[in-house]
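Could you put together the complete structure from these sequences and hints?
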Amino acid sequence: MLFIEIKDGKYFFRIPDTLLGRDILVVNRILKSGVQLRKPEDGGGYAMDIISEKVIRFEKGPRGKIFLKQISYLEPPGDSLNTMHQSILQSNTQAIVMAFDNKEQTSQHSVLIEVSDLIKGDNDLLFFGEKEKRGYRLGSFQPDKSFVDTVQSFSENVEIKAAKTYSRIPSTALVYPPPPVEASFATVELNSSWILLPKIPMKPRMADDRIGYYTADCIDYSINPYGVKKVRMITRWRLEPKPEDISRYLNGELVEPKKPIVFYIDPTTPAKWAPYIMKGINAWQKAFEKAGFKNAIYALKAPQNDASWSIADAKHSAMIWVPSAMANGSGFHVHDPRSGEIIESHANLDHNITSILQKWYTIQAGAIDPRARKPVFDDELMGKLIAYVSSHEVGHALGFPHNYLASSTVQVEKLRDKTWVEAHGHTPSIMDYARFNYVAQPEDGITEPGILPRIGAYDEWAVEWGYRWFPENTKEQPVLNKLVLERTNQNITLRHSPENGPDDPRNLNIDLGDDAMLAGRYGIKNLKRILPNLLDWTYEEGQNFEKTKEMYLQLLDQFGAYTSFARANIGGTYYNQLTADQQGAAVEFVPKAIQKRAMAFLQQELFSTPEWLMNHKLFDKIGESGLEAIGKQQSLELGRILSTNTLNTLLKFEANDGQNAYTLNEMLTELQTGLFSEVKLMQPISMPRRDLQKLFVEKMQVLIAPQKSTYGQSNPLTLDISSEIKSQLKALHTIIATALPNIRDAQTQKHLSDLKERLK
Numbered sequence: 001m002l003f004i005e006i007k008d009g010k011y012f013f014r015i016p017d018t019l020l021g022r023d024i025l026v027v028n029r030i031l032k033s034g035v036q037l038r039k040p041e042d043g044g045g046y047a048m049d050i051i052s053e054k055v056i057r058f059e060k061g062p063r064g065k066i067f068l069k070q071i072s073y074l075e076p077p078g079d080s081l082n083t084m085h086q087s088i089l090q091s092n093t094q095a096i097v098m099a100f101d102n103k104e105q106t107s108q109h110s111v112l113i114e115v116s117d118l119i120k121g122d123n124d125l126l127f128f129g130e131k132e133k134r135g136y137r138l139g140s141f142q143p144d145k146s147f148v149d150t151v152q153s154f155s156e157n158v159e160i161k162a163a164k165t166y167s168r169i170p171s172t173a174l175v176y177p178p179p180p181v182e183a184s185f186a187t188v189e190l191n192s193s194w195i196l197l198p199k200i201p202m203k204p205r206m207a208d209d210r211i212g213y214y215t216a217d218c219i220d221y222s223i224n225p226y227g228v229k230k231v232r233m234i235t236r237w238r239l240e241p242k243p244e245d246i247s248r249y250l251n252g253e254l255v256e257p258k259k260p261i262v263f264y265i266d267p268t269t270p271a272k273w274a275p276y277i278m279k280g281i282n283a284w285q286k287a288f289e290k291a292g293f294k295n296a297i298y299a300l301k302a303p304q305n306d307a308s309w310s311i312a313d314a315k316h317s318a319m320i321w322v323p324s325a326m327a328n329g330s331g332f333h334v335h336d337p338r339s340g341e342i343i344e345s346h347a348n349l350d351h352n353i354t355s356i357l358q359k360w361y362t363i364q365a366g367a368i369d370p371r372a373r374k375p376v377f378d379d380e381l382m383g384k385l386i387a388y389v390s391s392h393e394v395g396h397a398l399g400f401p402h403n404y405l406a407s408s409t410v411q412v413e414k415l416r417d418k419t420w421v422e423a424h425g426h427t428p429s430i431m432d433y434a435r436f437n438y439v440a441q442p443e444d445g446i447t448e449p450g451i452l453p454r455i456g457a458y459d460e461w462a463v464e465w466g467y468r469w470f471p472e473n474t475k476e477q478p479v480l481n482k483l484v485l486e487r488t489n490q491n492i493t494l495r496h497s498p499e500n501g502p503d504d505p506r507n508l509n510i511d512l513g514d515d516a517m518l519a520g521r522y523g524i525k526n527l528k529r530i531l532p533n534l535l536d537w538t539y540e541e542g543q544n545f546e547k548t549k550e551m552y553l554q555l556l557d558q559f560g561a562y563t564s565f566a567r568a569n570i571g572g573t574y575y576n577q578l579t580a581d582q583q584g585a586a587v588e589f590v591p592k593a594i595q596k597r598a599m600a601f602l603q604q605e606l607f608s609t610p611e612w613l614m615n616h617k618l619f620d621k622i623g624e625s626g627l628e629a630i631g632k633q634q635s636l637e638l639g640r641i642l643s644t645n646t647l648n649t650l651l652k653f654e655a656n657d658g659q660n661a662y663t664l665n666e667m668l669t670e671l672q673t674g675l676f677s678e679v680k681l682m683q684p685i686s687m688p689r690r691d692l693q694k695l696f697v698e699k700m701q702v703l704i705a706p707q708k709s710t711y712g713q714s715n716p717l718t719l720d721i722s723s724e725i726k727s728q729l730k731a732l733h734t735i736i737a738t739a740l741p742n743i744r745d746a747q748t749q750k751h752l753s754d755l756k757e758r759l760k
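If you count the sequence shown from 1, position 109 lands on 109 in my numbering, and the numbers rise without skipping.
Misleading hints may appear alongside valid ones.
What the hints assert, rightly or not - Here are the simulated lysine to any residue pairs, SDA-like style, with alpha carbons at most 20 Å apart: (1) K760 with E666; (2) K418 with D444; (3) K10 with V115; (4) K32 with Q152; (5) K199 with T18.
It is worth saying that the hints were derived from the structure and are not from the lab.
None of these values were measured; they are calculated from a predicted model.
Here's what the structure looks like:
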């Protein structure tokens, strides 16, 4: 790419004239780090973590100077024929970050600049910026404790490795676990990759919210005649047929791409897991066949005895095994901001991912898979779980965000149909957080293909839409839009909803099926089977009950998820990704019947004190009774039901379609009737129920208390919410006053007398 010269400890770049004016993508990563650099709050600070990326360009300046500019493509000037071209250029001057003298004025085909200060010093171009320094608590640069390791140039990239030492800034963050013991200094080995971007950018493909892709965004002043337009290009790898295969490709024959996607396996990965990670990566091959390519993606082991090869090199994509106590994975990628072309990706798997996978699988599948009923899984089972996570994270690296809508397109009863679910999987997308089939019951006889997630119909469709190659002169958008209409109108499992879009009860993570209440009831039946067995399933000779406690807390979380999925329907809204040429409603309120079923589910499964969660045998061993967790979940869901947002939505529904709406009055009446069912029957009220009833009154009274007006937020006192709540509380006061003389239980009398006093 360029030539490197080292003279008397000084570094020089000989830059060919053909490189001047070309865009170069700079990707900076941590190569090696110490424990003191870790960021407990987000798990950062490990080898291969990306620090920053930016685009630079060398240009000739006046008086023989060579400028190094940092380039922004947020507002590209576009074609010189555009009327706004010159105006954008005048308001979008690119920053000169460094200026160099040309040390060799006589050369006609290249320039020679000294870059010693750039490489040996401290700057945000190659190393840490001020923001990153604050995040890692790095202070002043220590040049006497820093050194350059290697500077290498290849045909399309430059690799710079350097060790940098900084003073430390004490942490004031209140995080858990606490930061490691502070050292006076921190030394970090860093890698800066300079990648020459294509002279002609890849043809961009415009985003469509009906198919999920990450995007590279910019502002265009020429498309919209009445304003500006945010242009969203999907991020994707450049897959195209070889010139000699184009006719075969266009005739529908599978061909190998000119440049396949290759992921190398981090050599530090535990050897027993590497084959499963490779299997998870290779699982995407079938999906790419939908776009016309065979062997489009595959995994390779990293070269062992090649000194010129580095996993940090931005030419190489890799799956990194991170020695982290975090239990997560990630799939970052680096792309060309001009086109969205993905240049490389380093996906991560934290070492502790095995811990959370075991918890998830035990609690979600333990009732139907005997392999989950032991404190340490067999390597084969854990390997398959790791393969699933690998496929998911590589999906991100291919450009795909989460698609939480996918699992809600499957009928719940299909999840119990052995033939169907083992053939199709329990979710159409591995990019959903559907995890494992908690709906299936033991009597269904469902095996591994119907329990574990897999790359599904939606994933194959997303690959086809984003990676199908068209000849250069093709007007892609009409073709792609027609394809979307044909596919998604006929098959709801191919639909997508943005991950960070508006609240939609179908667009939730870790849920399953099209009916949260039915799925939740099946899930709870399985939890009731699992709970009595936790002591046996977590038993290890000579070990304490910490693993049992962790599993029990995971079970409580799973139960809480089922109640949250149901509650999301109350005051819920469906948001459908539609365009003007499609029929149907883009926005719909959740039907009344579904909201009423959600209320009945909460009354039965959560508000009526799920005493089955309070296992006395477990309490004797782990000191957790479940009572506190139940109370927290009740408070959480009650608070969400009585939130201003939910109550406002119910009012909107009533105003829009009063005849079919689940009205605010109806919802509050059903909620109050269920919470105070013992009062009308004049039955004793248990302590958990007394606490819940007090909580309800408190939250209702907060809504009608004088509130400070907040810009952009509705004040319940100015809406019908206030009138309805006052009416409900008045009715409750009457019910309690009528029942009190007939109550015989002493604690219930005290409780109701207290509430009566509060409701005056």
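Hints, verified against the model:
At most 20 Å may separate the alpha-carbon atoms for a hinted pair to count; K760 and E666 exceed this at roughly 23 Å. Pair hint K418 plus D444 holds up; C-alpha atoms about 7 Å apart against a cutoff of 20 Å. Restraint check for K10 and V115: satisfied, since their Cα atoms lie roughly 8 Å apart, inside the 20 Å limit. In summary, the hint linking K32 to Q152 is supported, as the alpha carbons are separated by about 18 Å, within the 20 Å threshold.
For the hint linking K199 to T18, the alpha-carbon distance of about 10 Å falls within 20 Å, and the restraint holds.
Hint compliance for this structure: hint 1 is the single one not met.
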